[in-house]
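Novice: Join these two chains into a complex; the hints should help.
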Amino acid sequence: MKNCYIIYLFFILLFDCSCLKAQIEYHSPENIYRFADHLNKIGEYSRAIGEYQRYLFLSNSYNNDSIYYKIGLCYEYLNNMEAARNIFHKIIDTYPNSNFIDRSYYQIAFTYYNNHEYDKSITCAEENINKISTKYGRYKLNLLIGINNLYEKKWETAYNTFNILKSNEYNNFNDPVAELEKCAIDGMNLKYKSAIVASLFSAFIPGSGKIYAGRINDGIYSFATIGISAWQAYDGFRNKGTNSVKGWIYGILGTTFYLGNIYGSAVSVRMYNDKLDKNIFNRINIDMIWQ
Amino acid sequence: MKYLKIHLFLLFISGISFGKDVLLATAENYYNIGNYDLAITEYMRFIFFNPENDSISDIYYRIHLSYRNQGKYSEAIKALDESIKFASNDSISDEKIISKSGIYIADGEYSSAEFELLKISNFSKYSEVRKKAYFFLGICDLYTYKWKESQLALKKYFYDNPLIQNQLDSLFYTFYQKKYRSPILAKWLSTFVPGTGQIYGGDLKDGINALLLNSLTGYLLIDSIIENRIEDFIISYTSLFGRYYMGNRYKAEKATVNFNDQINKNNRDNVLNYINQINFSANHGLEITR
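Sequence order for the protein chains is R and G.
Note that the first sequence covers residues 0 to 290 in numbering that gives the first Met the number 0.
Note that the second sequence covers residues 0 to 289 in numbering that gives the first Met the number 0.
The following block holds chain G by itself, in its conformation from the complex (with noise of 0.2 Å):
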């Protein structure tokens, strides 16, 4: 009994010396304690000194994570090409691509994650993978106001949930029934009275500024019309009146844009709070950013 004992001990000191490099002990350790930076550099470390070790590519991740918490993007996303093309088998490099995916939706181009998504979504081979990037996906139109290819993706995700589809399709159908404004009627609003353009688009503050403003110089105009003074009609036209005409115009369009714009920007953040309520984004480690 007592030789087992020494016997169980030895092995287990040979686990420990077998088991994880001490320097990435180290490395995680810095990372638990949110000090990415030295983290980096043991993670760093560690590839210099063992350029052909299996678990690069988990380092090079590990280093990826670390940028990303800096809200280092670029440097991350650099991290994640080389984990990526260290990667042992396709599923782990899809995952990683889902990442990368991920950080280009938190640093605003969603052209490149939407591209990587639809790469991953359509010719991944493991289904799981692929339901993954349907999430992200559906989260990138999300942010580029595609409502239907959102909803489309993101109950792909969620096949296997009715309730969750159900409620996703009455949330966009919300979507569909809000009424946008027009930018064209708001342009031709303040052509015939200027400042209503404005007022229409929700901006009250610009459109009184532009009754007044175009009432002054019409006042001019119209004093010229009246006493027949062709050249002053011609001078405070372009000048004054159709230069803060032109502008009332094309501020009025602006106007209108921005609000819808709002709208769009509400209806994203309400899908937005609905998968964090129920609780997607931790399970992902996507941080939803606004």
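Chain R with its partners taken away, still in its complex shape (with noise of 0.2 Å):
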């Protein structure tokens, strides 16, 4: 009876270890990886780079630049850039020879060009694209150099940059550099119009200055209005002296809207300005370049 009970429990226990076994293990390193490339798949980056870092403090691989690359790019996505610098600087320091140096470097500069800090992110590629140890990785900077100065729109800087990398082997067949160039070009034929000198016809004439920045009907309905509130306050104060209602009504009516026209004016050529900087930043898309 002894021996058929110790069977039994024996079976039992085998039973209970089979179950045991059958669960899955969540958070071994090859599942939290597995899982973290999920959750990055499926556009949930703040999760992805907990299971990420999860992920590095359980394994005791010394190659994680992969990692802590895919955790850079999770924090672009997030908007964080300052966080994704950090990444790619840990990874140019902690691994000189890893293979995704290049690719660091330039996501630092692009970071800048995320935030639209076109400047910084000229300064920071200019100064690292002699690390890069490829021609692609140099040609990848390259262009977003040339990117961020049409941003900036130092127009013949671009130019020129575009101009030496349209010849490069890696300008592949859409030809995305012909286009940008093409914008470059664009941009130094662009005719601004000086704030100044609106605001100068405005204060002559009012009205001028908004015909001047393009805005014919705005600038027709302003001189009118001004020009009656002018009337109506001189007629007042010829008729009835520093004593008429009218004349005090219509006279600070009309000087707020001459004032206010003088500074419209103004507005208004910065508003043109910027619809023709506009037409240009329209035409450049990031996403083609890198296809």
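Don't take every hint at face value.
Calculated lysine-lysine pairs in the DSS-like style (CA-CA distance at most 30 Å, straight line) [stated by the list, open to error]:
| # | chain 1 | residue 1 | chain 2 | residue 2 |
| --- | --- | --- | --- | --- |
| 1 | R | Lys-40 | G | Lys-77 |
| 2 | R | Lys-40 | G | Lys-186 |
| 3 | G | Lys-154 | R | Lys-69 |
| 4 | R | Lys-152 | R | Lys-119 |
Hints in this document: simulated from the structure, not taken from any laboratory.
Just so you know, these numbers come straight off a predicted model, no measurement behind them.
Specialist: Given below as structure tokens:
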């Protein structure tokens, strides 16, 4: 009887162990890594970063540069550019022989570009371009410098960059550089208008500054409003002197409109110039360049 | 006896390993202590490694609750949609659609909520589910100020409780007795005496402001008429008087609309307070927000 019971217990234990074995090792480094990649793929970047970091903590591997690179990209997708830069700097400092060095240099400059800090992006890219080992890496960074120059409205510098890159072996059949070069040429030919000239125009003839800035209807309306207000104020004061309620009402209104129109003319010119720039910026499609 | 104890102990151990997955237990723990973000990650991990598991629908439901507790309604709805997709039967699916409507209500998307709830209340095969849908439909109609529809839906929900039904009836009856102010009348009042429409609409400050401004611009207009200066009259009217006068009429109408809206909000809050008092919100997992 006793022996039978021992055999029975043995089978129960065996069954139990097989059940425990069936449990997935969710927190093994390999599974954490798989899950992190899945989160990254479905756009759960914040959670993906947590999982990659957990993997780094648990794994004994020393070649974790690719993981850090993925973390850096996740931070970029989350728009946390400073954290992304820190990660890319860490790759450069910790893994001097890594395959991700060139990409990290590029990504550091790219984080500044993403933050619309184009001048910093140019400085960073120019400082690091000689540290890049591959021709393709240098080509990409040069393109980024050129694009940053476009956004900085340094049209000639951008043109020179693209002119050199045009004949680069990596400039693929889509020839993205040609379009960028065209943007630079169009930029050089832009004819900006002066805010000071517009303000002076409006100071002498109300509304003319707005017409100069291309807003004809707005200019005519301003001229009419200020003209009528001034005339009414003059008429009021002429008839009843300084006691004229009408004179004071229209006088105050007219002066406000007049000053507002001078300021508005300067703003209109700024908007006009911004529109010219935007027409060029809208043609820059950075996704198309990296295809 | 000794063998029996060992036997029971081993069965207990086996029971644990057969029971809830350790990962789910961790996720539940995070959820219970209010760390919803970590709970979501663990639930997602479970789904990733057990895509064929029978409880996927329930886990997505827990994800939806976690997101909802964080106030992330669009993510909560996405998770709930997944939960509905994996639901094992119509009853559970219908229940989850009702939960989805709850999120829509909390997020202010009343028409989406109403659409889902009407579907469930009319076509669900399960009377209990239909009943619950009526409750949420009543709440949804409260937010869109459809008093009669709300009253009807809530009464359908409380069909087995005549006392509550009567109390609801008397509550809604007071709403029907309340007198709204007429935006058209307000507009006409301000047409004759600028500012009076705003005062009628409960906005005294704006009324006085309109009265002063229109008196000043009106003075210019009348002055030009007395002095028989047509050009002054035209200019005064087009540049100043007309503008303020028309604005005054528009604002009188708006002030009255706002006044009526405030009455509606008070009515809605009265019903919500009553429902909160009888604790139905807690029983149905709906946080009635204002």
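Novice: If a hint holds in the structure, say so; if it does not, say that too.
Specialist: Tested hints:
Annotation: proposed proximity of R/Lys-40 to G/Lys-77 holds, straight-line Cα distance about 17 Å (limit 30 Å). Taking the CA atoms of R/Lys-40 and G/Lys-186, the gap is near 58 Å; set against the 30 Å cutoff, the hint is violated. The straight-line distance between the Cα atoms of G/Lys-154 and R/Lys-69 is roughly 57 Å, outside the 30 Å bound, and the hint therefore fails. About 14 Å separates the Cα atoms of R/Lys-152 and R/Lys-119, which keeps this hinted pair within 30 Å; it holds.
Hint check: violations occur at hints 2, 3; the rest are consistent with the structure.
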